[in-house]
Amino acid sequence: MSVGGELSVISTLLSSALLLTGLLFFIAGSVAMLRFPDSYSRLHAVTKADSLGLGSIIAGLMFYCNWWQNLLMLLIWLLVLASGTVSCQLLARFCKTKQDQA
Amino acid sequence: MSLLLFDVLLCGLLLALALASVLSRQLSHAVILYIAFGLLMALTWARLAAPDLALAEAAIGAGLTGALCFTALARQGKLAASPTLSWQQRCWPALFVLVTLFGLLLLVLQLPAKPGPLPALVMQQLAASGVSHPVTAVLLNFRSWDTLLELLVLLLALLGTLQVAPAPVYQSSWVLSRSWSQLLAPLIIVLAGYLLWAGAHQPGGAFQAGALLAAGAVVLKLNHQLNWLAWRNIWVRFFAIAGLTVFVAAVLTAWLLSGALAEPVWLRWPPELAKYIILLIEIFATLAIAITLTLLVVAEQPATPLSLARQEDDEAADG
Amino acid sequence: MVEFSSSLNLFLATAATLVAIGVYGFIVGPEPLRRIVALNIISAGIFMLMVVLAYRSAGPDAVSTLADPVLHALVLTGLVVAVSATAFALALLARLGKTTADRPEEPGP
Amino acid sequence: MMILLLVLPLAAALLMLLWPRIAPLLALFSAAVCSFLALQLLLQVSEQGTRYWLLAGWPSGLAIAWQADTLSCLLILLTAVLQLLVGFYAFATRARDKLSQGFWPLSSLLQLSLTALWLSRDLFNLYVCLELLALVAVALVSLSGRKAIKPALNYLLLSLFGSLCYLLGVVLLYGAYGRLDIAGLVSQWQPNLLTNSALLLMSLGLMLKAALWPLHGWLPAAHAAAPAPVSALLSALVVKGPLFILCLLWLQLASTEQAQAMAPLFAGAGLAALLFGGWSALRTPFAKNLVAYSTVAQLGYATLALGLMLKFDQPLIFAALWLFVLAHALAKAACFLAIGEMSGTLGGKRLTTLKGASQTMPLAMFAFAVAGGSLIGLPPSGGFLAKWALLQGLWLQEQQLFWPLALVLATLLSAAYVFRVVVLAFDRADPVAPDFSPQVLPQWLALLPALAVWAMALFSEPLLLLLRLEAL
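Chains as they are written, first to last, in our numbering: chain A, 1 to 102; chain B, 1 to 319; chain C, 1 to 109; chain D, 1 to 472.
Derived from the structure by calculation, the hints contain no laboratory data. Model, not experiment: these values are computed from the prediction. Errors might be hidden in some of the hints.
[What the hints assert, rightly or not] Partner residues aside, some chain D positions facing chain C, computed with beta carbon under 8 Å:
id: 1; residue: M2
id: 2; residue: S142
id: 3; residue: L168
id: 4; residue: G175
[Claimed, not checked] Calculated from the model, a selection of chain C residues having no Cβ within reach of chain D, i.e. all distances over 10 Å:
id: 5; residue: S5
id: 6; residue: L8
id: 7; residue: N9
id: 8; residue: A13
id: 9; residue: T17
id: 10; residue: V28
id: 11; residue: P30
id: 12; residue: S43
id: 13; residue: M50
id: 14; residue: L92
Just so you know, even glycine gets a beta-carbon here, dropped at the ideal spot from N, CA and C.
Chain A with its partners taken away, still in its complex shape:
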């Protein structure tokens, strides 16, 4: 994947910006996970920020790869998005039932 040398300046800048944005979202999500008070807001922070973060990192990486790898990365992103959504819902429901019981 080390074809980075052939990229134009704009592409490099763009991809770096995307990568940095993704990183920022990840860090924000992780900090929120540690700092937020209850399960719901943590879930909210983690799933949203991480989906977006992963998306922009993948977008940033797309400048370096061929179409086949890009397709795979997109697929991975979709899978992560969907499973993140499902597991977020599951956890939230679990929390809700526990709350109701208590």
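Fit chains B, C and D to the known structure of chain A by using the hints.
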């Protein structure tokens, strides 16, 4: 230089996670940190030119061990904070461990840098092994006896688990997660098939494929699917031991085929058939590994006579 | 080349430290589940030592020549053995938790 | 033939999982055939000399190495025969003891893993065998239900820790020499810091697994909690596996200086085990714990013999080491079966249950007394044979008064704990229920290994010759 920076970061994170997992006050934190540690280990294997291990670690080490630990946590009931230890209880072991660490560092840093004779030997014999991926060749031809015993270890862990495991704690299933797991299933089967097929010439193989299949089956089973997948079903038992059975059958057949030789050699595959034998073993081993790992994670109380005494024991306790 | 060897030493030292951390966790405990996690950390350290040794035998240009496949195969075997043993230990632990949880309900002898 | 010895128990175990109904039959059949095959193999090897195999015919280093010398063959034979005996006992008492069906496949797998261990001469393969052995042993212990879970978990965790120590040592050796077969390592062996530490690490792990003093803490609880046939197998066979590897390491791999340096440590640990184990056996109120502590003490003899062997390099002491192991295996199997039978029939775990057992269950008590005689070392039992060989070996060295004296002290201790049971048994029995009718067959089965250990004296010449043929 950037690679060195990456390495420093990776190692630092690994150590921090391991330390935090050991020292954390709550057991649940320890488990979560350990799972993160497992994922980073997979990354480390990839960094150290061991893609086979990265695949296996991601599936087995992080995924299944994590699921197992969480099941254990769930079974323990309420999450109590760990008993606090006095500083003496922490200090003396720490001192001892520091001395050990110093000794170990001294040792590992003086290991010679020259490679041993085996890698060259593997490359030299690779053509005769029937596969072109050296790790698979070592696993299923050069040191196949280890692999047979290892399959046995896996089966044994299952036997032991079935004997002792209490009834699993099921949460009620939910439509969305069930349909999502059903959606994932074909993808996982395709991926596992690919890994299995790839194992002959590139990273991948029975264990990785089996672990992946098991992960899919565990998710399905947690959603109340695959109800036939239980030890009391004779076909499940049959396939759980199929890996070993086919292995032994192949050994015996190969041994009988080589009977023409003055001294038949055990575990020797005939070179022209080696490829097919290894493929056959791998297919059945994958199925066996998948079933075994699934049952290990979602062990149900068997209705087979495997543990009659245990059930009576339980009934006595209930009565 | 300098970078290669300093990286390697770094990984070697990390492996040794992981083993030490695991040993500490195993000795201090105190819950069985944490001991099991600690055992897994020890085995991760040992496997890491093996993988670094394998990587080292390949030399600095590890992309072109392969790392020691024997060690990789041994680690794979070790991984499966470790996960089997962990699963069994966790099953025993779960059973133990159930037994101790049941005890108060039993009529005392 | 070699292959059948491994394939038969494996195939039997797999079939048992499919059809649990015929499990006992299969187990007994495979054990019987294996006993016969092992005897054949022993005869063949003692006539034609040691046999070597490189598995799958790959060049040395790449392939896993096997070796069948007389010692390995003797141990294989012992494993198969004890398996058969214990299997018969378990079959005869299955109705009363409610032994789980899980016992049968596990016992066959135990036989397989031990046979694989006795044959293997490859450090990593030995590690896999050790893990297999540990998992089988723990699964067997956990058969007896809830009371065994805690000891079983403890046993498993310590055993895993021991395996990891051993594995770390193996990895260090591989890092240094790049190979795993013992023969190959011997040819390149150099005594230095690296090999020293690797040997020490491996020994630490193996001593933990073999329950050698001072790492024996887990053994009494685990062995006492298991069902009687399982305790017999564990004490007689399972702890001997790591001991065997320990001997391989120190007698084959280690250089003379390393061995000399380690000798006093082993001898001291052996002596401490003898004294401590004997004393604990004298104090415990439970019958099975007494026998389990006696295992700790008797393993002390083997450790002591290993230490002295390393020090004096005397073939007679080597023979003594393995005579101890053989005699102890047979005697301890008899002890556990007899005690299990008595406490099963009389109902109770305490030693006081055995009061008057000489009148209520004379046969089982006789078996215990006869086996105890070998544990003490009364002539002409197997235990005596071993002790005599050890003393003879020491005699050949001058100025050795300390060790014989220590042996006498240890003998007195073991006599004390055996007589503790025997005296209790000869007390007047409490009146028994009118329908009291102990089963006779299991008692005879307990007596058989006890008689076998005394019969060892008849074969003392060939046994000594077999074991002296080669120092491993």
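Consistency of the hints with the structure:
The interface hint given for M2 of chain D is violated, since its Cβ lies 23 Å from the closest Cβ of chain C, which is over the 8 Å cut-off. Taking 8 Å as the C-beta contact cut-off toward chain C, the hint placing S142 of chain D at the interface holds, the least distance being around 7 Å. Evaluation of the L168 of chain D hint against chain C yields a held restraint, the C-beta minimum of about 5 Å falling below 8 Å. Taking 8 Å as the C-beta contact cut-off toward chain C, the hint placing G175 of chain D at the interface holds, the least distance being around 5 Å.
Distance check for S5 of chain C against chain D: the nearest CB is about 15 Å away, which clears 10 Å, and the non-interface claim stands. The Cβ of L8 of chain C lies farther than 10 Å from every Cβ of chain D, with a closest approach of about 12 Å, so its non-interface assignment holds. The claim that N9 of chain C lies off the interface holds: its Cβ sits roughly 14 Å from the closest Cβ of chain D, which is beyond the 10 Å cut-off. Distance to chain D confirms A13 of chain C as a non-interface residue, since its nearest Cβ pair spans about 14 Å, more than 10 Å.
Non-interface call for T17 of chain C relative to chain D: holds, since the shortest CB-CB distance, roughly 14 Å, exceeds 10 Å. Every Cβ of chain D is farther than 10 Å from the Cβ of V28 of chain C; the closest lies at roughly 13 Å, confirming the non-interface assignment. Look at P30 of chain C: its CB is around 13 Å from the nearest CB on chain D, clear of 10 Å, so calling it non-interface holds up. A beta-carbon of chain D is positioned within 10 Å of the beta-carbon of S43 of chain C; the least distance is around 6 Å.
Its beta-carbon lying about 5 Å from the closest one in chain D, M50 of chain C breaks the requirement of being farther than 10 Å from that chain. The Cβ of L92 of chain C does not lie farther than 10 Å from every Cβ of chain D; its closest approach is about 4 Å, which violates its non-interface assignment.
Consistency note: the structure conflicts with the earlier hints numbered 1, 12, 13 and 14.
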